[in-house]
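Undergrad: Fit chains U and E to the known structure of chain G by using the hints.
Protein chains in written order, with my numbering: chain G, 1 to 277; chain U, 1001 to 1243; chain E, 2001 to 2327.
Read the hints as simulated data drawn from the structure, not as lab findings. Mixed in with the good hints there might be a few duds.
As the list claims (entries may be wrong) - No farther apart than 16 Å at their CA atoms in a straight line, the calculated lysine to aspartate or glutamate pairs in the EDC-like style are these:
1. E/Lys-2189 <-> U/Asp-1110
2. U/Lys-1143 <-> U/Asp-1132
3. E/Lys-2213 <-> U/Asp-1211
4. E/Lys-2213 <-> E/Asp-2202
5. U/Lys-1157 <-> U/Glu-1075
6. U/Lys-1089 <-> E/Asp-2202
7. U/Lys-1229 <-> U/Asp-1211
8. U/Lys-1157 <-> U/Asp-1064
9. U/Lys-1157 <-> U/Glu-1066
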Amino acid sequence: MGLLYGLIAVGLSLIFGLMNIVNFAHGEFLMLAMYGAFFLFAFFAIDPLLAMPFVAAGMFVFGAAVYLLVVRFAMRAKTNVGMVQIFATFGLAIVLRGLAQYFFTPDYRSIQHSWLGGKTISIGGIFLPVPQLVGALLAIVAFGALYFFIKRTDFGRALEATREDAGAVALVGIDQNRVFALGWGLGSALVGLAGAIMATFFYIYPDVGASFALIAYVVVALGGFGSVFGAFAGGILVGLVEAMTALMLPPSLKAVGIYAVYLLVVFIRPRGLFGSI
Amino acid sequence: MTALLETRGVWQRFGGLIANSDVSISVGRGEIVGLIGPNGAGKSTLFNLIAGVRPPTQGTIWLDGEDVTATPATERCQRGIARTFQVVKSFETMTVVDNVIVGALVRTTDMRAARRKAFEVLEFTGLAARADVMASELIPSEKRRLEVARALATEPKLLLLDEVLTGLTPLEAQTGVELVRRVRDTGVTVLMVEHVMEIVMPLVDRAIVLDLGKVLVEGKPADVVRDPKVIAAYLGDRHAVGS
Amino acid sequence: MHDVTHAIRRRRDLIVAAVLVALAACVPLFVKDVYVQNIMVLTLMYAGLSQSWNILGGYCGQISLGHALYFGLGAYVTAILLTKFGVLPWFGMLAGGLISALIALALGYPTFRLGGHYFAIATIVIAEIAYLLFLNWDWAGAALGIDMMVREDSWLKFQFLRSKLPYFYFALFFALAAWLVTWWLENSKWGYWWRAVKDNPDAAESLGVVVFKSKMGAGAISAFLTAIGGAFYAMFVSYIDPDAVMSFQFSLLIALPAVVGGIGTLWGPVLGAAILIPLTELTRSFIGGSGRGVDLIVYGGLIMLISLTRPDGLLGLFSRRKKEVAR
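Extracted from the complex, chain G is given alone in its bound form (with noise of 0.2 Å):
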């Protein structure tokens, strides 16, 4: 679980690396991602694990545009960028959730059936459930992917130089906005792969993204933001922090401990476990 969350994560933590800029909408773009997965499936009997290419691709425009369409617009006020910024893309939340409810009606749905749902495996006689595995698996190819991506390919240097100095990228003739457009395309492509593979075991409802968002940010606070490594090592310590958690209290209080650790940790360090100041 908690690779999963790393992943949901990630797309987040490299928004924020690129622009100094929080999507207040993360959830959504995951519950989003879900739906895609489970209309996939309805209609076409596509497998989630076939549909995550077309989850991912679909989220990259999906992403892009928003971008394109919305954060563009919120990065140029002339006072209070923060501000404007938190609120535009919380708007946005809100309206998808509007969306969802209203045309995938509230209801909870699930996929039923699909390779790896319900199945469970025996290791060393600890019955671990499949499908949350192979989510486990394909996070870390992920991760691994990523990170070659970034270090590895013309793309990937593009966007750790705009981190550094937007400015003199811009001198170079890199095009800011389409690299900030492809970072938004990417960040959202990842929480479409983390969407598709919760889709298998993981009720869709228009809410659904609320408390991953919430869990996103505790996982990108951990980690620092802007840190693909920090996203990796955080969402693992915050799914160890959930399973301890409960061990000791009822399950409708699993979250508090989530919670309390993000408390902790920006309490002792303002700017994450691993975050330069």
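TA: Only chains U and E this time, still in chain G's reference frame:
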């Protein structure tokens, strides 16, 4: 009589980097002192130490015979040190007069008195006509003057000016120079950091040249400019020396 | 001379407020429809709540997305004191306000050190923790909540069976009180300190503003007033549970009127509430039945639109036009 401001053996390290080493300077009452030096000489670091942005790694800072080394910036302002910022930091969503009122409120809680004080200062700095304009709408040179006005409203004993004259047109710079003189004439001591010597030399009573974090030379502007050590320090940065 | 224009402007605000209150007070004489009265009560309540939020979020620039915590605390303290200890709601209200203010100070101590995003997320997380705790706290009714049985009309107990009017007048009083507090603070040392802290904390510090203290002050005042609103709401609906008073939705509802109307302005929350609350109530009742979520779309769309096109809120529209007329 003790000096108004004194630093005694001040060091500032950032990790392995030494920004100030063993800097001891003093500024007397009613003086205009220029703190100059080439890029990276540690001027801004020293300036921030005096303003109270952070405590020095080592050494002490004295204001009016009192040790203020550990005093935070807010309280230093209350004790009579006011500053401007190299990169202007106006309160953008407030009007010009409201910006200045914030400064005036250090000395009074009476709003009428603060407002009156603010208008006095705006007259003095030539911004009165712009009083009801949003700070964000000012042109750069006006923003600089607003910084000075805000600082003056706190009724400081010591005014710290961080490159207020840099980047202005010759005419604007001349107005600035006159403003600084008039500030001194009201009894306020001025310590100003400038990178370009040409502008400040005619204005200051005394110049302190920093290089590589240390005090290189100190003295009358005319002597300082001719000092071979200063010329050497500025070498490769020659345009700043002027002729 | 300028001194005079400033004083005139402030007096004009006061007169406008007095006229508005007088007009509002007369409305129930003509409007007898309970449904409409209900909307008016809510509008006034959110105007007051958003005004309270505005002190911390708007003037001081600390975007709290967790004011449901103080709202819920006000409601719970009042309800618990009434049902378990028989304390009159008027005292409960005061107690709720004070407890909220104290908690705001305790929470402010660590949170006000955090920067922008981290602060906003921390406020969400804290409110969410409180929500989960109340959901699981049996003594406080847990998920079932607390029912305050209304037996008789009584000003003493602030409970009324038939008429909504007493609630209406209290809501009007609450909105006015929050407005007056803001009006007064706006032209005080605190008001100036807050705006300075919002615009540039470093510069504020250099001018002798005690940044941390001014944030704490704003937090406490804001929490106190919000809790009064929460206490009122508890008495108004006479039944509360965590979902009804402490869910994240309230944090939003409290912040939005100020954002829509004009963040950090005196009239923004009033204007925003006057537009938003009737709008949502009406959309909810007209379209609400067929598919939930329309109100969310309207809400979210408005926030997005306004924060993108008019970051200074709808009020900015007014003042701009006025300036042009003046020229």
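Undergrad: Now tell me, hint by hint, if it's right for this structure.
TA: Cross-check of the supplied hints:
no.	hint	verdict
1	E/Lys-2189 <-> U/Asp-1110	holds, 8 Å
2	U/Lys-1143 <-> U/Asp-1132	holds, 14 Å
3	E/Lys-2213 <-> U/Asp-1211	violated, 39 Å
4	E/Lys-2213 <-> E/Asp-2202	holds, 14 Å
5	U/Lys-1157 <-> U/Glu-1075	holds, 14 Å
6	U/Lys-1089 <-> E/Asp-2202	holds, 8 Å
7	U/Lys-1229 <-> U/Asp-1211	holds, 10 Å
8	U/Lys-1157 <-> U/Asp-1064	holds, 9 Å
9	U/Lys-1157 <-> U/Glu-1066	holds, 14 Å
Hint violations for this structure: number 3 only, all remaining hints satisfied.
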